[in-house]
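Engineer: Modelling step: build the complete structure from the supplied sequences, incorporating the hints.
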Amino acid sequence: MIELKTPQEIEAMRPAGRFVASILHDLQEMTHVGTNLLEIDDFVRRRIESRQGAQSCYVDYAPDFGTGPFAHYICTSVNDAVLHGVPYDYALQDGDLLSLDLAINVDGWVADSAISFVVGQNQDPEDLRLIRCTQEALAAGIDQARAGNRLGDISAAIGEVARSYGYPINLEFGGHGVGRIMHGDPHVPNDGRAHHGYRLRPGLVIAIEPWFLKTTDEIYQDPQDGWTLKAEDGSRGAHSEHTIAITDADPIILTDRSFLEH
Numbered sequence: 001m002i003e004l005k006t007p008q009e010i011e012a013m014r015p016a017g018r019f020v021a022s023i024l025h026d027l028q029e030m031t032h033v034g035t036n037l038l039e040i041d042d043f044v045r046r047r048i049e050s051r052q053g054a055q056s057c058y059v060d061y062a063p064d065f066g067t068g069p070f071a072h073y074i075c076t077s078v079n080d081a082v083l084h085g086v087p088y089d090y091a092l093q094d095g096d097l098l099s100l101d102l103a104i105n106v107d108g109w110v111a112d113s114a115i116s117f118v119v120g121q122n123q124d125p126e127d128l129r130l131i132r133c134t135q136e137a138l139a140a141g142i143d144q145a146r147a148g149n150r151l152g153d154i155s156a157a158i159g160e161v162a163r164s165y166g167y168p169i170n171l172e173f174g175g176h177g178v179g180r181i182m183h184g185d186p187h188v189p190n191d192g193r194a195h196h197g198y199r200l201r202p203g204l205v206i207a208i209e210p211w212f213l214k215t216t217d218e219i220y221q222d223p224q225d226g227w228t229l230k231a232e233d234g235s236r237g238a239h240s241e242h243t244i245a246i247t248d249a250d251p252i253i254l255t256d257r258s259f260l261e262h
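Position 190 (the sequence shown) corresponds to 190 in full-length UniProt numbering; numbering is contiguous.
No wet-lab data here; the hints were simulated from the structure. No experiment lies behind these values; they were computed from the predicted model shown.
Cβ-Cβ distance ranges computed for the label pairs, FRET-style: (1) Ser50 <-> Tyr165: 38 to 48 angstroms; (2) Arg46 <-> Arg193: 40 to 50 angstroms; (3) His187 <-> Glu232: 20 to 30 angstroms; (4) Ala12 <-> Asp94: 41 to 51 angstroms; (5) Thr6 <-> Gly234: 44 to 54 angstroms; (6) Phe65 <-> Gly234: 13 to 23 angstroms.
For each residue, glycine too, the CB sits at the ideal point set by N, CA and C.
Structural biologist: Right under this line is the structure:
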C-alpha cells in the first residue's frame, strides 16, 4: 500500500536523512587504500549506537531476496558487486570501485542513500564514467519527482540517461517507498514509460536508486554470503541513491549531502 506523508511527517524524516547523509560523507572522507570493509561496518555501528533514537535497518533484516538475516550495519559492494554487499575481511586496494548503501531509522523514520567512488589514486576513467552515469540518472529521476507527474516519468528519465551512456539496465531491483519501514510501495524501476503508472502526489516519499553494470544487466547472488549481488560477466557496477519527498513545489532531497561539502 502506498502511504502519503503529511508535511509534518516529512519534517520528522529530516533528522534520519541528515544522519545517513553525514555518515556516508564521513565514510567517503575516511576510506582509503587499506581500509577494511569491517572497519567501515564498525564505524557505522558506533555512529548508530552513539545516536539516541537511531536503529540499524539492516541488522537482522531478512527479506525474501536474501539468505537468512543480514548481520551488518551497511552494504559494502566492491567492483563487480553492486547491491547488498556483505562486509567481510577485505582491505581495499588502489583502484577498487566501492559502493556504500546505508539505511537507518531515527525516531521511527527511515532514510536510505547510497554512494559509489573509486578508492585511491588509480582511478580508471571508465569507472568514473559509470559512477557519473548513476549520479546523472539520479538527478534526472529526482527532477521528474513532482506532483502531477507519473511514476513512469521518473523511471523513463533514469533509463534515458543509462541508454545515453550505453549501459544495460536491470529492472529487478530499483527504488522503493520509504517511511516507517525501509522497503515499501511503490517499486521505482530504473527504466519505464513516461506518462504511465502511479500519479505522483505530495507526501509520497521514495528512494530513487539508479545502479548499472558496465556490460551486462545480469546479476547473481554470491553463494558464499547469500546476499551480495554481482555482475554475471564480472564487470564493475556503481550505485547512487537518495530518499526524496514529493511536495507541491520542488522535491525535497532528505539525504542531501551538499550541506556537508562546504
